[in-house]
Amino acid sequence: MTTDTPEVLSCKGLRKRFDDVTAVDDVSFTIAAGETYGLLGPNGAGKTTIISMVAGILRPDAGDVLVEGVPVSTRTTEPKGRIGYVPQELAVYPDLTGRENLTFFARLQGLSRVAAARRVAHVLGVVGLTDRADDRAEHYSGGMRRRLHIGMGLLHEPILLVLDEPTAGVDPQSRNAIMDNIRELAHSGLAILYTTHYMEEAERLCDRVGVIDAGRLVAEGTRRELVALLGERDRISLSVDGDLGHAEDVARLVPAVLGVAARGRGLELLVHDARQCLPAVLSALAEEDVRVRAVEVDEPNLETVFLHLTGRALRG
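Counting from 34, one number per residue, gives the positions in the sequence shown under the numbering used here.
Because the hints were derived from the structure by calculation, they are not lab data.
Since we're looking at a predicted model, the values are computed, not measured.
No false leads were slipped in.
Each pair of labels, with its calculated beta carbon distance range:
id, residue 1, residue 2, range
1, Y126, D204, 16 to 24 Å
2, E336, R296, 19 to 27 Å
3, H172, P39, 35 to 43 Å
Where a beta carbon is used, it is the ideal one built from N, C-alpha and C, also for glycine.
Whenever a hint applies, use it, and build me the whole structure from the sequences.
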């Protein structure tokens with residue numbers, strides 16, 4: 034997000050205790066319009082408690098939640114109308130069609146009959162259920178029910194969509210469809226708060242990630258920024274034909290290359306950003322008639338970051 038992108042959500046110093054357990058401990062973050070912000074952490078880390086406070090369902094013991102500068106609390110109503118909250122638990126009536134489910138919730142939210150029909154038709158298209166709109170939800174797959182559930186959070190045209198583990202319990206194909214839906218919603222300008230314990234979802238969807246462990250926000254940033262915390266760099270492995278020493282000398286001259294080492298019949302390069310650097314490396318080698326037979330790129334990922342920050346692997 035650019036610095037002039039409007040800030041939609043601001044959380045400042047959120048704290049919440051349940052008896053002797055501190056579920057959320059001094060958590061602060063912001064989300065801009067069109068940004069997907071991921072809360073990444075294992076089950077029980079405090080993610081659901083955080084988003085319950087964001088949605089105004091749970092009162093924080095300390096701290097503030099602001100949506101476009103307006104405070105959100107369990108007692109306020111106006112700012113909650115700007116939030117679409119999609120919890121883990123499905124609120125789908127199986128004996129109603131997809132269209133009837135959405136119409137029911139649209140009417141609960143105060144839309145007129147005509148406005149509800151128009152909005153429901155639009156949302157069905159957004160979540161990819163237009164062709165199955167008049168089938169009863171009991172005949173939907175788990176992924177289709179999840180998409181219908183997300184649609185319910187979009188009916189009142191929120192500026193912030195809060196999604197709590199939206200792909201839980203669905204097959205890989207449905208997960209891909211849901212993530213495609215979410216990406217398109219962000220492209221439309223919607224701010225999205227996304228909780229997950231799946232690394233690949235956070236890496237694929239989120240512009241920035243907040244790593245949650247035992248109720249604390251232990252780090253946040255883009256994938257590249259989080260990896261930089263470790264002081265690690267990307268690695269490019271090349272299998273080459275010809276004079277290996279010459280190839281090594283050529284690769285060293287590429288500005289973004291930090292180090293080069295010969296490995297068997299190939300080279301291993303240490304670089305700042307493999308995706309940006311690789312074309313320059315291949316071009317330089319080609320100009321010197323060095324033939325590259327195979328390329329392998331190793332980028333430190335969020336799993337590496339999480340293990341470094343918490344001392345344990347992330348599992349659901």
